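Colleague: Take each chain as given, in its own frame, and dock them per the hints.
As you go down the protein sequences, you meet chains A and B in turn.
Sequential numbering from 82 applies to the first sequence in the numbering used here.
Sequential numbering from 110 applies to the second sequence in the numbering used here.
Some clues are possibly wrong.
Derived list of chain B stretches under chain A, where covered just means 3 residues or more per stretch with a C-beta under 8 Å from a C-beta of chain A [claimed, not checked]:
no. : region
1   : 496-509
2   : 657-670
3   : 689-702
Rather than coming from a laboratory, the hints here were simulated on the basis of the structure.
Predicted, not measured: the structure shown is a model, and the values here were computed from it.
Even glycine gets a Cβ: it sits at the ideal position worked out from N, Cα and C.
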Amino acid sequence: MPTFGYVLVALAQVLLVAAAAPLASGFSRTLRAKMHTRHGPGLLQDYRDLFKLLRRQDVRPPASGFVFRLMPIVMPATLLVIAAGLPILTRATPIAAVGDLITTVYLFALARFFFALSGLDSGSSFAGIGASRELTLGVLVEPAMLLALFVAALLAGSTNLGDIGAAIVEGRTGAIAATLLAMIAFAFTCYVELGKLPYDMAEAEQELQEGPLTEYAGPSLALVKWSLALKQLVVVAWFVGTFLPFGAAVEPTVTGLVIGFLAVAIKVAVIYGLVGIVENAVARARFRLTSRHTWLGVGVASLAFVFYLAGL
Amino acid sequence: MYAIQMLIGAVMIHALAAVTSLVFRRDDGAAIAAAGFGGALAGLLGLLAGLSALGAAPVAVDWGGPFPFAPFTLRLDGLSGLMVAVISGLTVVASIYSLAYVREYAGRGVGAMGFFTNLFVASMLLVVTADDAFWFLVFFEMMSLASYFLVIFDQNEEAVSAGFLYFLVAHAGSVAIMAAFFLMANSAGSFSFAAFRAHHPSEAVASIAFVLALAGFGAKAGMIPLHVWLPRAHPAAPSHASALMSGVMIKIGVFGIVKVGIDLLGGGVAWWGLLVLALGAISSVMGVIYALAEHDIKKLLAYHSVENIGIILLGVGTGMIGLSTGHPVVAALGLTAGLYHLVNHAVFKGLLFLGAGSVIFRMHTKDMEKMGGLGRVMPWTSLSFLIGALAISAIPPLNGFVSEWLTYQGLFVAALDGSFATRLATPIAATLLALTGALAVMCFVKAYGVIFSGAPRSRRAAEATEVPAAMVIGMVALALACIVLGLAAPLVVPVLASASAQILNQPATVFVDGAMLSVGETALSTPMVALLLIGLATLPVLLGSLFAIARRAPRVGEAPWACGYLPDGHMAVSAHSFAQPIRMFFRPLYAIRKTVAAVEGWVDRRFDGFVAAARRSESAFDDTLVAPVTRGVGEIGRRAQIIQGGDFRIYCLYIVAALIALVLVTLR
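Next up, chain B with everything else stripped away, as it sits in the complex (with noise of 0.2 Å):
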């Protein structure tokens, strides 16, 4: 009822907040309490805003603002209204785990963090819901800066140097958003959104603004190959920060792709909806290989992100490609898958960036290779690390699974009728899913192996203790969050194909029947799933108690076998060694990072010329305008030092003069 009302009640806590934080930034505890709480309040009401705008239709409140061209408009819909409700529930989450977390940067500016942060979200919650071009650019560069800062927060070359690149992209595409949005605005006669959707421009502008548009989101998505500055980004800020930069702020990428794609241009063309699905399963394929590669925590994380990515994209490229080829299901289906995995990654992907803070919470390191056995001394950590492990990677009955069930679903769909490309793509796009599938389970079995499992493999390792409650609160949510969205998938579904309808603009299809999700002839039911699972769990249990009283009790052994060689920590597998198989069997895609790598030179080397031509071309300028103009005014000066030699004759002289001249003026 009053959403948008709850809306601005929300951004207006979250820059409360981040100013006090600020103003507090001397009392490090002021300053985290006030951005925490100020976040977890300011979310709540997000949530509940974006919650109830879910169901309901459209609104649009214009406020007017300073300039007559932009009027400040808001909107929220089913697309607005599901962005807010995640970004807001991810920000209750990661404000709580703050309120311990961010005592790690006690004495490094705080208060600054809290500013930034919530600035941060302040300015998505507008993104998403502005509905005018220039106040959208406005609000998504502010999203950029703030969350800039975040990034080179510990101020070492790494972070710096990440954040340049960060920053580097971040413009380049919205720039390239700039220019659609101008081909819009020329052919539209305005720049409100509504106007965008009531004048389409013709096929060939739409087709230029829609490629800059992917271009410019994809880059900010991390969508392969703009992905460079991801892996690099995400990991050099504050982990609650990461989670929300990997589990909210790449979607404004996806959310930018569906709301120019579909909302603005209306699905146009069914090469589009092609280009995203080959983007997407590329991003999707690539990501997960280059995160098995990866021995820190958060870079394999953020490899992991571009992955997800990809596989929100796929559905997405299949709703675009059922909109524009006219079969409602497919676009129905497809959308609702995306919007679903968005939902999920932001959720599973949250957790598992508060659980790699976690650790290095106490570990003081990203690298996994010190870690292992922390699952002993870290129970809740591990267990929830170990959730978001299975969810992100599409393990049933989570929900990861659900919403990868809904895109196979949709692509099989798709290629059942349709044209030949389509029928040609979308298989292939399946298969590379599945392929996806099978390297996120292997990524994520090393990586919870690796950390949470085995002997200690350093002394912090062994001395670690599970992290504080505000910590371990904010992780189960999550997870706890990953089971209802899996379990609970028969009424999340229907919330979520009637956002897409509204988005598509057609009726509401309906994928559920009771509590199983139906497709056509096929139908998924977690609850059932869960059911049998716990269930048949039984036979096995009953089967290992079945001499337990003749038995002796269970011991835990000395140490595990080598051969009877004395076992020695060095021979457990690493991060490195669990996934040499793929590095041998998928060389060739690795080769590709290294020319991408190379890239990457060619643009630190820009950059690094580009500073000094600048210290060139400044000294350039002093020597040529600023100093001959000082020269100048200097030797003026000293010549008319001449006029005031210091005799007082002289003055009375010039004072006489003065008078003569005035006089002479006033006869004339």
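Chain A extracted, bound-state conformation (with noise of 0.2 Å):
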């Protein structure tokens, strides 16, 4: 069981990714209105919009069900699970109980179930495709993205995430090279998770008018957009605690935990920096092609693999 600093951190951690998720979005925003030369309509633009949002009316298509007035509270609660044992703000994962890698997977799929199914569920021919859309790419991701956390943990000797970070941050995974493949693997299908272009397929605004995301309105429509904020820096996350977790607190004192918040705060935003570039210097990937991208991070992870059994 974990000891009540771990519980408090990872309290502190929920509540820091649930309050700054609009903040990160906004933040992609306005890179993406200075890439275009805009003015942009400022970093603080997504909690106003949530806001506002929330003041609204709530309307459902005659059509749907219980869960499509479920989704929108078990989605960003299964990601602030996830938040709750990911090794963010210290080196050891909070809660240890949830801070498996398959644990992790699991819950996000957990989540992707119930927003998949919420589109379904809403009869609305859009989101039945953005629902088939985000579950084909689950299932053209998933397995590159296990064999690649797989392949680190072999290397670390253990399915732990917090214990993976700290192998690789110590350097006792010996191989270098498949510590460096199993990243890149990892990193590119996290890229693909995060839903931006190429890969904004599922709730394209342009072809599926947002996919699972068309019947919402309301304050539901602002948890589901707040969830998807919310995805989105909990993968940033998990990549950073896993791979690159520098910085962060070997036991949770208060200076080591402000040193290890700054310390993510700024790969976090470095991270969003270059997925910016990316997503603003491509356009979308054709749904068809998919596979051929994401066999790639196949690919990668397997190279990783292959490089693991050498001990390379």
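Modeller: Next up, the structure:
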């Protein structure tokens, strides 16, 4: 069972991620505007959007059932559980009981399950196609993601995310090439998970009316938009915590946590910056050809595995 | 304590229920009640027997029996106790469900259905406890035959053809198992399993026996490539029987692989485990790939049985690798994971088949494209089905996730330290398991979404109502079991770990630390996941109700947005279009099935040829053998008629001649 200190760390991580998600997505928007040489809406626009939506009336389609109403609660709750288990501020997972890599992958599946099912439950054709795409992307990406993490776990000797991070920081993984390749493969799969261009397929605004979001309105839409921002932040934090946990607190002391927070904030900002550059430099990939891209992820992950077997 | 006695009692009650159901076949209500209540009662007794055998030392009782070479011995140990508990547990639920469901079949021989269902369960109970190869095969045949009659119950062309395929594969399988047992009996000098355990044959013979048994039991389990019968036979049976077939009968195949590979042959060589692992990985991926392309709800579920058998075999294979290479932790972890998934699959697949049965009960079709929107009119069915769908998709914190987590951990620990082959194979297996998981999520979002969500796609779907209470009770019980087996994992795992330690013949390994499952450095606590999920759900709930007073009350809109066009039911995604991307991206894998279908067609054609040949040979038999004899006898009769001319003087002459002949004989 986790100590009291780590429970507080978990709580801090949950609140931090929950509060910072709209800021992170606002940062993305600002960056996009800057690259378009537009003035842009400002960093805090996403908070304003959420509060505006929260004041509006909730309208749901006649065909919708309880899944449609449940999803805006289940999805953010699941993402917050993941945030509680990730090694974000500390090097160890605050709550080891949910900090396993397999548990994390499958918790994302829980969020995906409800997100996609709500699309079908709305009865809208756009939402249905978005749901189908969301799950297809999951099918194409999840194996590569798991293999990359599995290789890292094998190098670290444990599937606990904190242990993997610690092994990488302390240089205990041995095979450097395999570690690097696993990191690249995982970074690629995380990028696809972000749902940004060129892989903005399930919630493609221009193509599918934002997919499963089509029929949401008012407070439900606010919660779903918040969850999508949350998901992006959690995925980035997952990558940072597993492969780049430099600066994270070894023990949950106040100074350590403050330094850990600053380190994470800088790393996340840099990654959002890089993602912004990629996102705004490419066009949407053709959905029919996505598998050619994702095979790259599988290939790199397999290469990492081969290097691991060879001990390089 | 009295586990064996309770087991015998359960079998007796099943037999009694079977006969009673048959006796009352003219009165549908009485037959349904006899089969249903009898089955439920026997199931409860069997459940008690199995559970009480789980923690205890093995008990074997010898009843002698009519054959001196094969004493009728029953043995309850960790493995058979678990199987008895699983079989009986699902039987209780399926029997309660059948009380209402079987009324659908009123007037079409429900007495016979009750008879075969009870006989089927009784023979399964005896198969898993028989401790002698001869009786094992007898009950195995009985089980196959009883289920064959359930498959062909509808008596339409599809059911009969599926039944024939099933019959063929089941018997090919039992021939292979028989051959394996003969090989083992040859070296042990007896048909009793106790002798098999004591005398292991040489490695070559053992390997041949194991491969034969793997083929035979694999065919029963629906393991790819021996699965062709499964997606055709299971959907043809009545739904509560499908639940039993998919939930427990195919597990007899896994049971057989564990029994022969680990219990009787002691783990053998490392490549056995690798072979099982490979077959498991292939079965899991291909099973779910094919399931995705289905729009017949029961076929979809049947293909998922292939997938889950694959996942169970991944655990069992890991266990065998651990046992043969001397890694007790890997062995214990793998086998525990396999057994856990076996139990879980029985529960959620039983639930899903019962759910499908409820839907079919109202819709009278298995085609998902004609359903839709049932969630609002069948709330209990849809909620239970959703829990089953989440569990089978291995979503935390439900039971399917726990066993898959253990399977991953088994693969991981095996990969950490082992031969090159193991280190190569296990991460690949884990990756394929991840692919399976993602595909399963897609498949069950599709199944639930197309059946229960959105707008109704047919008039019947719009007019459907919730099913009778008995059916709801059955489904809700299994849905609760899914939740309990997930959250109570820290209590369930020690029981299964001790059972697998008994099977592996090694001291039990502890995988539990307080309320957590803990393997090596890592841990999982499903109660914690559930607690966090519920706790953190308050945050979005609070956020959502922030301006609840100020804003206008929620309302239901008119229709989904269709870019200004008039929305139409045909615009919504269908089961077909939803899975279309997967059919596109995984086209090569579907191509394999076409080849397999060609083989199946070949079997069908051969069958027709066989029947035609039989007809021809029957007449040939008549012409050459029977006809000459009948003609000859007729001829003799006609000739003999001459002596019976009708003239009484000639008859007197006969008498005189006879007297003279007799006098001559005595005088001599």
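Colleague: Does each hint fit the structure? Answer for all of them.
Modeller: Evaluation of the provided hints:
Closer than 8 Å: that is the beta-carbon criterion, and the region 496-509 of chain B has 5 residues meeting it against chain A, so the requirement of 3 holds. Proximity of the region 657-670 of chain B to chain A, defined as three or more residues with a beta carbon under 8 Å from a beta carbon of that chain, is established by the 13 residues found. Remark: the region 689-702 of chain B is confirmed as covered by chain A, as 5 of its residues place a Cβ nearer than 8 Å to a Cβ of that chain, reaching the required three.
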